[in-house]
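A.B. asks: Taken in order, these protein sequences are the chains called A and B. This note's numbering numbers the first residue of the first sequence as 1 and each following residue consecutively. This note's numbering numbers the first residue of the second sequence as 1 and each following residue consecutively.
These are calculated hints, taken from the structure and not from any lab test. Possibly wrong hints are sitting among the right ones.
[Unchecked claim] Here are the simulated distance ranges between beta carbons:
1) A:Thr39 / B:Asp2: 17 to 27 Å
2) A:Asp114 / B:Pro55: 20 to 30 Å
3) B:His16 / A:Lys188: 40 to 50 Å
4) B:Asp7 / A:Asp119: 31 to 41 Å
[Claimed, not checked] Covered stretches of chain A (chain B as the covering partner; in silico rule of three or more C-beta atoms under 8 Å from a C-beta of chain B):
5) 167–174
6) 185–191
Beta carbons are placed, not taken as given, at the ideal position from N, Cα and C, and that holds for glycine.
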Amino acid sequence: MTGESDRPPLADRRDIDRVYQPAEDSRLLAETALEYLETDDMVLDVGTGSGYVARRLAEEASVDVVVTDLNPHACRQAREADLPVVRADLLGPIRDSAVDVAVFNPPYLPTDPDDEWGDWMERALSGGDDGRAVIDPFLADLRRVLVPGGEAFLLLSSLTGVEAVREEARANGLTSMVVASESHSFEKLVVLHLRPSRPG
Amino acid sequence: MDEDLMDILCCPLDKHELELEVDEREGEEIIAGRLICTECGEAYPIEDGIPNLLPPDMREDAPA
Numbered sequence: 001m002t003g004e005s006d007r008p009p010l011a012d013r014r015d016i017d018r019v020y021q022p023a024e025d026s027r028l029l030a031e032t033a034l035e036y037l038e039t040d041d042m043v044l045d046v047g048t049g050s051g052y053v054a055r056r057l058a059e060e061a062s063v064d065v066v067v068t069d070l071n072p073h074a075c076r077q078a079r080e081a082d083l084p085v086v087r088a089d090l091l092g093p094i095r096d097s098a099v100d101v102a103v104f105n106p107p108y109l110p111t112d113p114d115d116e117w118g119d120w121m122e123r124a125l126s127g128g129d130d131g132r133a134v135i136d137p138f139l140a141d142l143r144r145v146l147v148p149g150g151e152a153f154l155l156l157s158s159l160t161g162v163e164a165v166r167e168e169a170r171a172n173g174l175t176s177m178v179v180a181s182e183s184h185s186f187e188k189l190v191v192l193h194l195r196p197s198r199p200g
Numbered sequence: 001m002d003e004d005l006m007d008i009l010c011c012p013l014d015k016h017e018l019e020l021e022v023d024e025r026e027g028e029e030i031i032a033g034r035l036i037c038t039e040c041g042e043a044y045p046i047e048d049g050i051p052n053l054l055p056p057d058m059r060e061d062a063p064a
């Protein structure tokens with residue numbers, strides 16, 4: 001874990017590794033979700049990366065955890081850690097009403113297209129121009145996969161624009177609430193709790 | 001991949017159910033095979049124990 005230092009600028013993380021390693025954001029997401037999980041919940045860790053969040057949830061709560069990632073290196077690490085893993089683009093291959101709780105630490109840093117460098121670490125960090133290139137399609141599909149009464153925890157940075165994400169959630173039939181936040185030197189990390197809005 | 005995973009998976013293209021074809025097993029774990037959509041017929045490979053449920057047009061679209 002690298003919880004003690006502030007997140008270095010995006011470019012400094014270049015070539016460190018091909019899989020995003022757990023940092024303060026992963027820890028905040030895991031610890032927040034742990035407060036809400038119920039026994040036997042079916043939990044989906046979307047874009048699991050190192051598998052840190054999934055491992056903590058599986059070890060500290062009696063829940064079933066399945067993980068996904070786009071990155072084949074992350075998928076291999078997850079399998080070596082005995083986490084049930086599917087290589088997937090967000091929620092694409094997940095059945096309707098199959099998930100009690102989804103957790104997602106997305107790529108959320110706004111990145112100038114001229115600064116993108118095209119490797120797996122970029123895919124783990126960069127949220128495109130506005131930081132929401134991956135978050136928005138996740139929100140568009142989330143309601144479909146959640147059971148009635150299901151919920152999700154989404155890690156965000158103040159750099160991503162929390163209100164814009166909440167607006168997008170609303171547009172996709174989701175009620176949102178900030179349930180945790182933590183200040184770091186140049187950003188605030190927040191965990192957004194999402195649940196399907198009542199129909200009508 | 002554990003067969004239980006089938007309970008939550010579907011075809012990423014049309015969300016229909018998948019059928020499992022096993023080429024290689026190690027105990028309970030499926031090491032190699034494929035998941036085939038019962039509707040559109042698209043086949044998704046299982047390699048080294050990991051099912052690849054990316055839509056076909058994304059399978060090659062990836063950094064090295």
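A.B. asks: Each of the hints needs a verdict: does it hold here or not?
C.D. replies: Evaluated hints:
Our hint of 17 to 27 Å for Thr39 of chain A and Asp2 of chain B holds, since their Cβ atoms are close to 20 Å apart. Restraint check, Asp114 of chain A to Pro55 of chain B: a C-beta distance of roughly 28 Å satisfies the suggested window 20 to 30 Å. Take His16 of chain B and Lys188 of chain A: their Cβ atoms lie about 42 Å apart, and the range 40 to 50 Å holds. Between Asp7 of chain B and Asp119 of chain A the C-beta distance comes to about 34 Å, which sits within the given range of 31 to 41 Å.
Restraint check on the stretch 167–174 of chain A versus chain B: 0 residues with Cβ-Cβ distances below 8 Å, three needed, restraint violated. Interface restraint, the stretch 185–191 of chain A with chain B: violated (0 residues with C-beta to C-beta distance below 8 Å; minimum three).
Figure legend: structure checked against the earlier numbered hints; hints not met, in rising order: 5, 6.
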